[in-house]
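Can you make the complete structure from the sequences, with help from the hints?
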Amino acid sequence: MSHLPSLLAALNALAGGLFLLSAFAMVATRQTRGCLALFIYQSLLLAASAFLLAGEYGSAHLAGVGVVNLISKPIVVPLILRRTLSSEIYTRREIEQALNIPTSLTIALALAVLAYFLAIPILQSVAPQFRSANVPIGFAGLLLGAYTLSVRREAVPMLIGILAMENGAFFAGIALSRELPLIVELAIASDGLILVFVAGVLVRTIQRRLGSTRVGELAALREAQAPGAGRPA
Amino acid sequence: MAFRILCNALQAIVALALSPLIGGVLSRLKEIVQSKRGPSVLQPYRDLWKLFHKDEVVSDQSSWIFRATPYVVFVTPLFVVLLIPVLTSYPLFLAFMADMVGAGFILALGGFFACLGAVDPANPYGPMGASRTRMVGFLAEPVFVIVFFTVSFVAGSTIPYIVQAQWTRSAGSFLAPAHVLLIAAFLMLILAEAGRIPVDNPTGHFELAMIDESKGLEYSGRGAALMKWGGHMKLMVLMCVFLNVLVTPWGLAARQQLAAVLLAIPLVALKILALILVLVVIESSLSKLRLFRITEFLGAAFITCVAAMIARTFAA
Chain A
618 MSHLPSLLAA LNALAGGLFL LSAFAMVATR QTRGCLALFI YQSLLLAASA FLLAGEYGSA
678 HLAGVGVVNL ISKPIVVPLI LRRTLSSEIY TRREIEQALN IPTSLTIALA LAVLAYFLAI
738 PILQSVAPQF RSANVPIGFA GLLLGAYTLS VRREAVPMLI GILAMENGAF FAGIALSREL
798 PLIVELAIAS DGLILVFVAG VLVRTIQRRL GSTRVGELAA LREAQAPGAG RPA
Chain B
118 MAFRILCNAL QAIVALALSP LIGGVLSRLK EIVQSKRGPS VLQPYRDLWK LFHKDEVVSD
178 QSSWIFRATP YVVFVTPLFV VLLIPVLTSY PLFLAFMADM VGAGFILALG GFFACLGAVD
238 PANPYGPMGA SRTRMVGFLA EPVFVIVFFT VSFVAGSTIP YIVQAQWTRS AGSFLAPAHV
298 LLIAAFLMLI LAEAGRIPVD NPTGHFELAM IDESKGLEYS GRGAALMKWG GHMKLMVLMC
358 VFLNVLVTPW GLAARQQLAA VLLAIPLVAL KILALILVLV VIESSLSKLR LFRITEFLGA
418 AFITCVAAMI ARTFAA
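First to last, the sequence lines map onto chains A and B.
The numbers in the working numbering rise by one with no breaks, and the one at position 101 of the first sequence is 718.
The numbers in the working numbering rise by one with no breaks, and the one at position 173 of the second sequence is 290.
Fair warning: there could be bad hints in the mix.
Pulled a few chain A residues facing chain B out of the computed Cβ check, cut under 7 Å [said to hold, decoys possible]: (1) A627; (2) A630; (3) G634; (4) L637; (5) L638; (6) L726; (7) L731; (8) Y733; (9) L766.
Rather than coming from a laboratory, the hints here were simulated on the basis of the structure.
What you are looking at is a predicted structure, and each value in this text was computed from that prediction instead of being measured.
Glycine included, every Cβ here is placed at the ideal spot set by N, Cα and C.
As structure tokens, this is what we get:
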């Protein structure tokens, strides 16, 4: 078992590869709907990886993490978004970005390289069969999520960027600690859901005020007018 | 000795005989997905038969390049077939004459002549398609090179047979992240190189939107048949490299017996059918990209394969 990885570890590596692919695709995609689909797909891969690691380590906690992930992210998050947001946000085809897609992808690549370098010092504490997959790819997912968050100018994809960051952190985390307490995952999952709910309500308000959700346009601060006072000269 | 010659001949015959069927099955399945009946899977054979029996019209303003191009386009995929594992997992005669990069260059030679042949008779649509093909080609080139060198990094060789043998031995690293990324990048490369849907619409009849098809507009009769057949074979060669070297290196004949080699033919056909199903799903669910979005598509393929290279380097 030292040089030849087990089937579970091999499948986990496969989930890792697809996870990285979905993180790149999330940077490249232009549609809100596609972004959400990729997020769901990524969350499913995260849950799959948690189950596989649970099988390999024999840890019930990690299986619990998988179950919580499987329920919260691919099912509840899209439901909340669909309930709080109007369908107009989903049907918009193109998302505005601060940078064009080829530049974005090049930066994303640099971030992935950075993630691999960042993972080197931590790798000592990971079981050797999972070394190549979870930690560097989780870091890459974290950084790419942060990048999506900063470069998108549309509210819902930014929200998905935050959630993708969380996905990435968990993807690395489940390999680092075998006995990740279930309570931590439950707390974070419920936190995440509340975040989605609050952000959904906020986006809804923004849309009602502005008629769109292009938060990239909200760049300049305008002083609120006092009810009685006239416009300052 | 005689057996190896027979194997080589068999590879070429399989490529010649089965390649039009791939196009036929692909278009038939696509039509079925769209709730239509579609032409028979044998339609490409009938097209070739019809074209071979028609007279050929060649402009007297064109040069020898126009006349030579169909033969070059037809012959280059056949040369590549002799270099790659199509049916056998042990190297045949010419396996060490050129590596994967060499095979790529031979395919590129066919593409180069097709472009020259399109420019030669001064049909206005030909040069347009040729320049577009070159654009797609030079964007696909870095992906091609990085994919093959990353694959070869594991085997320590760029000969496709050795790479294939390496993958069958080390099934553990088969599911590694780097390999998944490589497969994705190479699939995107096949779509671009073969002129399939997100990049080019092979069934389109609108000359202004054509990329690959417009290069063959001036050809008629035998020339058109050879160009079409060469195109079918090119797709099959790319599929064979993809399946037999990268994705499923199993199911090839391992023993030096005629029965084993003949048994490999249906297995390879089955693998190709599976890939065709994937292509049908891709082609039915995506629409053709605008011309300047192709840079993004191939840019994504490039990023994917570079990420694979990084993952491979760090994993080793």
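Against the structure, the hints:
Because the smallest distance between the Cβ of A627 of chain A and any Cβ of chain B comes to about 4 Å, under 7 Å, the interface hint for this residue holds. Interface restraint check: A630 of chain A against chain B, minimum CB-CB distance 5 Å, threshold 7 Å, status holds. A cut of 7 Å between beta carbons decides the hint on G634 of chain A: the least distance to chain B is about 3 Å, and the hint holds. The beta carbon of L637 of chain A comes within 6 Å of a beta carbon in chain B, closer than 7 Å, and the hint placing it at the interface holds.
A cut of 7 Å between beta carbons decides the hint on L638 of chain A: the least distance to chain B is about 6 Å, and the hint holds. Below 7 Å, beta-carbon pairs count as interface contacts, and L726 of chain A has one with chain B at about 5 Å; its hint therefore holds. Violation of the interface hint for L731 of chain A is found here, the shortest Cβ-Cβ separation to chain B being roughly 10 Å, above the 7 Å cut-off. The interface hint given for Y733 of chain A is met, as the beta carbon of that residue sits about 5 Å from the closest beta carbon of chain B, less than 7 Å.
The restraint placing L766 of chain A at the interface with chain B is violated, with a minimum CB-CB distance near 19 Å, outside the 7 Å limit.
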